[in-house]
Amino acid sequence: QQQVKQSPQSLIVQKGGISIINCAYENTAFDYFPWYQQFPGKGPALLIAIRPDVSEKKEGRFTISFNKSAKQFSLHIMDSQPGDSATYFCAARRDSNYQLIWGAGTKLIIKP
Amino acid sequence: SQTIHQWPATLVQPVGSPLSLECTVEGTSNPNLYWYRQAAGRGLQLLFYSVGIGQISSEVPQNLSASRPQDRQFILSSKKLLLSDSGFYLCAWSQWEGNTEAFFGQGTRLTVV
Chain A
1 QQQVKQSPQS LIVQKGGISI INCAYENTAF DYFPWYQQFP GKGPALLIAI RPDVSEKKEG
61 RFTISFNKSA KQFSLHIMDS QPGDSATYFC AARRDSNYQL IWGAGTKLII KP
Chain B
1 SQTIHQWPAT LVQPVGSPLS LECTVEGTSN PNLYWYRQAA GRGLQLLFYS VGIGQISSEV
61 PQNLSASRPQ DRQFILSSKK LLLSDSGFYL CAWSQWEGNT EAFFGQGTRL TVV
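Line by line, the protein sequences give chains A and B. For the first sequence, the numbering used here assigns the number 1 to the initial residue and increments by one for each residue that follows. For the second sequence, the numbering used here assigns the number 1 to the initial residue and increments by one for each residue that follows.
Some hints here could point you the wrong way.
Unchecked claim - What follows is a list of derived Cβ distance ranges for each label pair:
1) B/His-5 x A/Arg-94: 23 to 31 Å
2) B/Ser-17 x A/Pro-112: 41 to 49 Å
3) B/Pro-18 x A/Asn-67: 30 to 38 Å
4) A/Arg-94 x B/Thr-10: 29 to 37 Å
5) B/Thr-111 x A/Asp-79: 19 to 27 Å
6) B/Ser-20 x A/Ser-69: 43 to 51 Å
7) A/Arg-94 x B/Ser-77: 26 to 34 Å
8) A/Lys-57 x B/Ser-1: 19 to 27 Å
9) B/Glu-59 x A/Gly-60: 44 to 52 Å
10) A/Leu-46 x B/Arg-42: 39 to 47 Å
11) B/Arg-42 x A/Asn-22: 12 to 20 Å
12) A/Arg-94 x B/Gln-45: 13 to 21 Å
13) B/Thr-111 x A/Ile-109: 21 to 29 Å
Honestly, the hints are just simulated from the structure, not real lab data. We put the beta carbon where it would ideally sit given N, CA and C, even for glycine.
Go ahead and model the full structure; you've got the sequences and the hints to work with.
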């Protein structure tokens, strides 16, 4: 019940296309859902995050869609660029807990 | 502003040798501190977290230990490294209250040979 399942494991998208990464969770006590972006040899950095009181959050080309009833959330990258090539992690957390529960990661490659 | 320092960036150690990785945070007080390991092409595995000086919680049994001798210092250690300890080690911190974002260091690439 503590798991966050992320898919796909890897993704190749043409430049200008839409990249979509999905995550699913079981624990309904989770109330914070961030996405992190990691470039090779670097630590992950927060990209965008959402709480379950909204169904969508958009920041520039990045959008989180959240489906509370399905216990799923996804990251959409519009107009994908080669600089977006990185590994993306979803995560979930209860505010009363200190730990983030991480998805396994998605390696995204944007082809020029 | 807050910054997190982690060193060394890369390390090659023989099997059976000791390990000490250090992480310090600046610009904040009483942070939550974390050590993660990331195997090549894999996700993040939480190893240890600390909510205060001397308070360490271990997530998985292993050949490693952690200590927090000062509020903003977190150390990952091993007495005898195994080949399976190779990986990318990441230190992270978050605010102790409210803000739930985790900020990561640049990582240490450890190769045990």
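How the hints compare with the structure:
Taken as a hint, the range 23 to 31 Å holds for the pair B/His-5 and A/Arg-94, whose Cβ atoms sit roughly 29 Å apart. At about 44 Å, the CB distance of B/Ser-17 to A/Pro-112 agrees with the hint of 41 to 49 Å. Our hint of 30 to 38 Å for B/Pro-18 and A/Asn-67 is violated, since their Cβ atoms are close to 48 Å apart. Between A/Arg-94 and B/Thr-10 the Cβ separation comes to about 35 Å, which falls inside the hinted range of 29 to 37 Å.
A C-beta distance of roughly 38 Å is found between B/Thr-111 and A/Asp-79, which places it outside the suggested range of 19 to 27 Å. The hint said 43 to 51 Å for the Cβ distance between B/Ser-20 and A/Ser-69, and at roughly 48 Å that hint holds. Checked against the hint of 26 to 34 Å, the C-beta distance between A/Arg-94 and B/Ser-77 comes to roughly 30 Å, which is consistent with it. The supplied range of 19 to 27 Å is met by A/Lys-57 and B/Ser-1, whose beta-carbon atoms lie about 24 Å from each other.
Restraint check, B/Glu-59 to A/Gly-60: a C-beta distance of roughly 34 Å breaks the suggested window 44 to 52 Å. In this structure the supplied range 39 to 47 Å is violated for A/Leu-46 paired with B/Arg-42, their Cβ-Cβ distance being about 20 Å. Between B/Arg-42 and A/Asn-22 the beta carbons are some 19 Å apart, a value that agrees with the proposed interval 12 to 20 Å. Roughly 19 Å separates the CB atoms of A/Arg-94 and B/Gln-45, a value that falls within the hinted 13 to 21 Å.
In this structure the supplied range 21 to 29 Å holds for B/Thr-111 paired with A/Ile-109, their Cβ-Cβ distance being about 25 Å.
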